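Undergrad: The whole structure should be built from the sequences, with the hints applied where relevant.
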Amino acid sequence: MRVVIKPYSVFRDKLGGDLILEFGEDEVPVKSILERLEVMFSISKVGVKPIVIVNDSVVNENYIVKGSYIELYLVPPFSGG
Amino acid sequence: MLIDVKIIDESSVVDLNALVTTLSRLNGRCGAVVLFIGVVKGLVEGNRDVYELEYTGIKDVAIKTMERIAREEAEKYRLSQVTIWHKVGKLKPGEITIVIAVLAESRREAFRAAEEILERVKREVPIFKLEKRSDGEFWVIGDGVRVKRELREQTNK
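Chain order of the listed sequences is Z and E. Residues 1 to 81 (our numbering) make up the first sequence, in order. Residues 1 to 157 (our numbering) make up the second sequence, in order.
Don't take each hint at face value.
[Stated by the list, open to error] Below 25 Å or equal to it, Euclidean Cα-Cα: the simulated DSS-like pairs (lysine-lysine) are:
no., chain 1, residue 1, chain 2, residue 2
1, Z, K49, E, K59
2, Z, K49, E, K64
3, E, K148, Z, K6
4, E, K148, E, K90
5, E, K148, Z, K49
6, Z, K66, E, K64
7, Z, K14, E, K59
8, E, K122, E, K92
9, Z, K6, E, K90
10, E, K122, Z, K49
11, Z, K49, E, K132
12, E, K122, Z, K6
13, E, K90, Z, K14
14, Z, K6, E, K41
[Unchecked claim] Residues from chain E shown here face chain Z by an in silico Cβ test under 7 Å; the list is partial:
no., residue
15, I58
16, V61
17, I127
[As the list claims (entries may be wrong)] Pairwise CB distance ranges (calculated):
no., chain 1, residue 1, chain 2, residue 2, range
18, E, E67, Z, E71, 12 to 22 Å
19, E, G94, Z, F23, 43 to 53 Å
20, E, S106, Z, V39, 49 to 59 Å
21, Z, V58, E, K6, 14 to 24 Å
22, E, S11, Z, G17, 39 to 49 Å
23, Z, D56, E, L35, 23 to 33 Å
24, Z, S42, E, E105, 49 to 59 Å
25, E, S106, Z, S57, 29 to 39 Å
Treat the hints as calculated values from the structure; they're not laboratory data. Fair warning: this is a prediction, and the values are worked out from it, not measured in the lab. Beta carbons: idealized from backbone N, C-alpha and C, even for Gly.
TA: See below:
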């Protein structure tokens with residue numbers, strides 16, 4: 001599975017831009033993706049719990065992304081208005 | 001019921017005259033229009049000068065979420081029209097950031113709905129704010145927490 005990470009706000013600064021992660025399976029829990037990002041970028045040091053958006057919806061760590069290609073938004077709590 | 005949601009780029013004008021014209025076409029059962037206009041504050045946290053706010057957002061998701069909010073609130077308060085316009089890009093103090101307008105049977109529903117829509121937009125719509133001010137650049141996280149920016153070369157689309 002190819003997961004395109006699209007970070008915004010503090011997470012874009014942390015990751016430096018969009019990122020592609022490859023996984024051997026076509027079903028991957030969000031938790032595993034976040035763990036990979038932690039190993040690569042220490043995203044917890046941002047000090048903000050990330051929100052994950054997949055297929056237009058906010059999902060939790062137990063959500064399983066499926067398919068060969070997925071876009072995942074990594075964002076902080078929203079601040080519009 | 002009319003649902004009107006938009007993400008407006010920094011270079012585009014927020015056409016309040018057109019909005020008011022639309023709202024003025026009241027049907028017989030509507031007796032209240034509430035219009036909320038949010039603008040960039042030039043001061044935050046007491047006395048910190050803000051010279052610019054930069055809004056970024058996940059446009060497709062933001063539009064879909066605003067449409068859902070508008071429909072749910074219209075149903076809840078029996079609104080005839082809901083307008084939600086949010087600007088993105090670089091905005092200066094005094095510039096409009098968001099416009100919310102509702103058309104309802106009575107003032108109570110109109111005021112409640114407008115406030116509820118605003119709070120839901122702030123909580124549920126994936127838009128993010130970068131505050132550029134005299135003492136640095138700060139990401140605004142949720143409704144008030146600020147994280148000082150360390151990198152300056154990154155930008156969102």
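Undergrad: Now, for every hint given, state plainly whether the structure supports it.
TA: Going through the hints against the structure:
1. Using a Cα cut-off of 25 Å, the hinted pair Z:K49 and E:K59 holds, with the two alpha carbons roughly 22 Å apart.
2. Distance check on the hinted pair: Z:K49 and E:K64 sit about 24 Å apart at the alpha-carbon level, within 25 Å; holds.
3. For the hint linking E:K148 to Z:K6, the alpha-carbon distance of about 21 Å falls within 25 Å, and the restraint holds.
4. With a CA separation close to 18 Å, the supplied pair E:K148 and E:K90 stays within the 25 Å bound.
5. Taking the CA atoms of E:K148 and Z:K49, the gap is near 16 Å; set against the 25 Å cutoff, the hint holds.
6. For the given pair, Z:K66 sits about 22 Å from E:K64 by alpha-carbon distance, which is consistent with the 25 Å threshold.
7. Only pairs whose Cα atoms come within 25 Å are accepted, and Z:K14 paired with E:K59 is accepted, the gap being roughly 21 Å.
8. With a C-alpha separation of about 20 Å, the suggested pair E:K122 and E:K92 falls inside the 25 Å cut-off, and the hint holds.
9. Between the alpha carbons of Z:K6 and E:K90 the distance comes to roughly 21 Å, so the proposed pair stays at or under 25 Å and holds.
10. A hinted pair counts as satisfied when its Cα atoms are at most 25 Å apart, and E:K122 with Z:K49 qualifies at roughly 17 Å.
11. A threshold of 25 Å between alpha carbons decides the hint, and for Z:K49 with E:K132 the separation of about 23 Å falls inside it, so the pair holds.
12. With a C-alpha separation of about 21 Å, the suggested pair E:K122 and Z:K6 falls inside the 25 Å cut-off, and the hint holds.
13. Under the criterion of a C-alpha separation no larger than 25 Å, the hint pairing E:K90 with Z:K14 is consistent with the structure, at around 21 Å.
14. At roughly 29 Å between alpha-carbon atoms, Z:K6 and E:K41 are farther apart than 25 Å, so this suggested pair is violated.
15. Against a cut-off of 7 Å between C-beta atoms, the interface hint on E:I58 holds, since the closest Cβ of chain Z lies about 6 Å away.
16. At about 5 Å, the closest approach between the beta carbon of E:V61 and any beta carbon in chain Z falls short of 7 Å, and the interface hint on this residue holds.
17. Given the 7 Å rule on beta carbons, the hint for E:I127 holds: about 3 Å separates it from the nearest Cβ of chain Z.
18. The hint said 12 to 22 Å for the Cβ distance between E:E67 and Z:E71, and at roughly 20 Å that hint holds.
19. About 48 Å separates the C-beta atoms of E:G94 and Z:F23, a value consistent with the hinted range of 43 to 53 Å.
20. Against the hinted window of 49 to 59 Å, the Cβ-Cβ separation of E:S106 and Z:V39 comes to about 57 Å, which satisfies the hint.
21. At roughly 22 Å, the beta-carbon separation of Z:V58 and E:K6 lies within the given 14 to 24 Å, and the hint holds.
22. In this structure the hint that E:S11 and Z:G17 lie 39 to 49 Å apart at CB is violated, the actual value being about 24 Å.
23. Against the hinted window of 23 to 33 Å, the Cβ-Cβ separation of Z:D56 and E:L35 comes to about 29 Å, which satisfies the hint.
24. Range check, Z:S42 to E:E105: Cβ separation about 54 Å, and the 49 to 59 Å hint holds.
25. Here the CB-CB span from E:S106 to Z:S57 is close to 34 Å, well matched to the stated 29 to 39 Å.
Taken one by one, the earlier hints fail for this structure at numbers 14 and 22, listed in ascending order.
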